[in-house]
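Engineer: Letter by letter, the chains look like this.
2 protein chains.
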Amino acid sequence: MKFKIDRSSFYEVLSELSRSISAKAEPQIMNGIKMTAHSEGVTLIVSNHLFFVEKTIPLEAKGQLTVYETGSVVVPAKYLVELVKKLPGELTVELIGQHKLSIKTEEISVVLSSFDVEAYPNTPVLDLGKGVQIPGPLLNEMISQTAFAASSIDTRPVLTGLLVTLQENKIICAATNSHRLAMRESEIEIDIEGSYIIPLASVKEFMRLFNSSKDLITVYICGNHLVFKTLNLAMYTRLIEGNYPNLNSLIPAHPKTLITVQTSKLLKGIDRASLFNRESRNNNVKLELINGSTLKITSYSPDLGKIEETQQIIDVYGEKELSLSLNSIFLIEALKAFTEEEVTLNYSGSMRPILIKPNSNKRHLHLISPVRG
Amino acid sequence: MKFKIDRSSFYEVLSELSRSISAKAEPQIMNGIKMTAHSEGVTLIVSNHLFFVEKTIPLEAKGQLTVYETGSVVVPAKYLVELVKKLPGELTVELIGQHKLSIKTEEISVVLSSFDVEAYPNTPVLDLGKGVQIPGPLLNEMISQTAFAASSIDTRPVLTGLLVTLQENKIICAATNSHRLAMRESEIEIDIEGSYIIPLASVKEFMRLFNSSKDLITVYICGNHLVFKTLNLAMYTRLIEGNYPNLNSLIPAHPKTLITVQTSKLLKGIDRASLFNRESRNNNVKLELINGSTLKITSYSPDLGKIEETQQIIDVYGEKELSLSLNSIFLIEALKAFTEEEVTLNYSGSMRPILIKPNSNKRHLHLISPVRG
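Chains R and P, in that order, are what the protein sequence lines are. As numbered in the working numbering, residues 1 to 373 make up the first sequence, in order. As numbered in the working numbering, residues 374 to 746 make up the second sequence, in order.
If we strip away everything but chain R, and leave its shape as in the complex, we get (with noise of 0.2 Å):
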């Protein structure tokens, strides 16, 4: 293996990578980067027991990127992507004998150690076939909106991933913690059918990996793998096996009262009363309808004092008087997920889950579950 690359564009591609490689994975070998040259450019890999990310250097990229010798090698991720860091112009990369990286610059000469490349796990040949290509905005959009309300606990194990549907020319998003639960929807062509829960641990990854993708993600389904792929980056997940609760039976169909106020003012006053109760045994805030036209926002800590405050309603339909408790956490991130500027909190009686939801959105919702107050 030899090629020769621009220092700038081999240190991109290798901290970006080099970030889903757990602190301390085992064995050590996981700890490694995987670096392919072959006819088309330089593939990198990183992976572990969930994931598997996969990043081509086209050889394209002219002047940037020259193959003179295909053959892989895996090097300590950590050290490779400092030392690239540090070193100026352009790189002369060869390996040397079984298990010697020679990282070459004019005044410059460097021997990586490198593990045995024949120790690192075959990342799993899939078959793609069909997929389903959505644009990188709105997937990130949708995943962002709904993954942060999936369990950290994993008494139920499906609860702790991302439920992504596709059927009927729609993908929808969801996760619940069985105390709240996010949903979206979008209208896109479909290829393929079926329910697939990715682990959080993925979606996170992906959300950092696709963060900034402009283009067309592709998405394949391949066994009990999860793949989303573009031009020159994949990454492949497995997927969690079991059955998601049903949550289409969750929503509350008929509300009787609906709250309709503005997103980011609720959300600043909950921010606030939150400030309290981070420390106490429960994050809970009190909401209060008065006069069916002010909501009084309320918080308490026996240690550290009361917040107290009022804000004007836009609109209320329904019952001028109610009063509930939630946990605030939950409340700030479903609010921080909505880009419309007015939601309607949908009210159904004590002790019913609350739906959130724009007035112009269908097909976006949340829905959390009232605490004593």
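Bear in mind the hints are in silico, worked out from the structure with no lab data behind them. There's no promise every hint is true.
Stated by the list, open to error - Derived coverage of chain P by chain R (criterion: at least 3 residues anywhere in the stretch with Cβ under 8 Å from a Cβ of chain R; other residues may be distant):
#1 449-455
#2 677-685
Claimed, not checked - Pulled from the structure, derived: some chain R residues nowhere near chain P, Cβ distances all over 10 Å:
#3 V67
#4 S109
#5 S113
#6 P124
#7 I190
#8 M207
#9 K214
#10 T257
#11 K286
#12 N291
#13 E340
As the list claims (entries may be wrong) - DEER-style ranges, computed between Cβ atoms:
#14 R:K24 - P:G470: 49 to 57 Å
#15 R:K24 - P:S696: 35 to 43 Å
#16 R:H99 - P:H552: 13 to 21 Å
#17 P:D489 - R:S264: 34 to 42 Å
#18 R:S9 - P:D527: 33 to 41 Å
#19 P:D527 - R:E26: 35 to 43 Å
#20 P:S696 - R:N224: 53 to 61 Å
#21 P:S696 - R:S9: 45 to 53 Å
#22 P:A396 - R:D116: 20 to 28 Å
#23 R:S264 - P:L511: 42 to 50 Å
Idealized CB from N, CA, C, for every residue including glycine.
For chain R, the structure is supplied; the task is to place chain P on it using the hints.
Structural biologist: Below, chain P without anything else, positioned relative to chain R:
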């Protein structure tokens, strides 16, 4: 106590001062910030066992502060800062009874539990007297060029501080951990003479607080305290007692070989070479002068690999070949302290300390003891 204040200017000062409070100060009241409203403004104080910091928001800041009632209160700094950060517009701050601070805006009402103001330690009453005035940028530069060389191990307490010497219209900052030494002096008109050892923790707080100070900083000595003061900000720190070693006797007077190099180029080379020894037993990097024209930098880690670099030197006087090993971290920190483009390494023989200084500046030097290579 009652005053009205613009949220932004209040937040700025609170957030600056609250960072001087250590995360888990004991007793609890030491997590507090003391606010005093008086006829000239509002003064905020934070303190610990080493130093106290006092900042005044003056009444002159027109429209930003109005004092209605004088008085004092101590409230938990962390909550006050986060609260003021999240509140909008103009705040009315008022002490209610003995132990409740009320903060109000039109729509929001907060009550914050306060500490017993009598229980807050009295800051020492200092008779400031004569002081030495030093331009802020100069004092900051001198301290940042030397303080890092102090010892982090407290077997010899005097070495864990920065030595500030005022004599013969000079101010000298110096620090050593007995393996390296940093010294910087500057001409300045002085009214007081003496040597003072400032604890490193106080030095770090000084650098954070006065970092952006473009004005004159006045230094006062008052008993066992040293005071840094600008118009509205003052920091009072205890001094370390004891005799500091005589530093001038350590500086080699007649070096055998002078090697002039480009500061930033050598720094980059040492920084690269240090990559591999970061996790090994030592931080050593080997420097070799070859043929009176080239400097070879090498470092080696049995596990990771080897890095080797050659740099042209600018000038050499004395021997044509020599070899020495230095702690790369000490060398990196010393080189970073120079603003000059070129520095000279003064070599006095194997196992004698290396003196590093710019040709153009006789008032700034670093000394590093070699290690066995």
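Engineer: Looking at M207 of chain R again, its CB stays over 10 Å from all of chain P?
Structural biologist: Its Cβ never comes within 10 Å of chain P, the nearest being 26 Å, so this holds.
Engineer: Note whether the CB distance of D527 of chain P and E26 of chain R lies within 35 to 43 Å or breaks it.
Structural biologist: holds, 37 Å
Engineer: Does the hinted range 13 to 21 Å hold for H99 of chain R and H552 of chain P at CB?
Structural biologist: The hint (13 to 21 Å, Cβ to Cβ) is violated, given that H99 of chain R and H552 of chain P are roughly 36 Å apart.
Engineer: With 10 Å as the threshold, tell me whether K214 of chain R passes as away from chain P on beta-carbon distances.
Structural biologist: Consistent with the label, K214 of chain R stays out of reach of chain P, its closest Cβ about 34 Å off (over 10 Å).
Engineer: Is it true that K24 of chain R and G470 of chain P lie within 49 to 57 Å of each other by Cβ?
Structural biologist: Hint holds: Cβ distance 53 Å, inside 49 to 57 Å.
Engineer: Would you check whether the claim that I190 of chain R is not at the interface survives, using Cβ distances to chain P and the 10 Å cut-off?
Structural biologist: Given that every Cβ of chain P is farther than 10 Å from that of I190 of chain R, nearest at about 43 Å, it holds.
Engineer: How does the coverage statement for the segment 677-685 of chain P fare against chain R, requiring three or more residues with Cβ below 8 Å from a Cβ of that chain?
Structural biologist: Held - the segment 677-685 of chain P has 8 residues with a Cβ nearer than 8 Å to chain R, which meets the minimum of three.
Engineer: For V67 of chain R, which was marked as not at the interface, is the minimum beta-carbon distance to chain P over 10 Å?
Structural biologist: holds, 23 Å
Engineer: Just to be sure I understand the hint, the distance between the Cβ atoms of S264 of chain R and L511 of chain P should be within 42 to 50 Å; is that true here?
Structural biologist: holds, 46 Å
Engineer: How about the segment 449-455 of chain P: do at least three of its residues have a C-beta closer than 8 Å to a C-beta of chain R?
Structural biologist: holds (count 3)
Engineer: If we take the beta carbon of K286 of chain R, is the closest beta carbon in chain P still more than 10 Å away?
Structural biologist: The claim holds: K286 of chain R sits with its nearest Cβ about 14 Å from chain P, beyond 10 Å.
Engineer: Is the gap between the beta carbons of S696 of chain P and N224 of chain R within 53 to 61 Å?
Structural biologist: holds, 59 Å
The structure does not agree with the numbered hints 4, 5, 16, 18, 21 and 22 stated previously, though it agrees with the rest.
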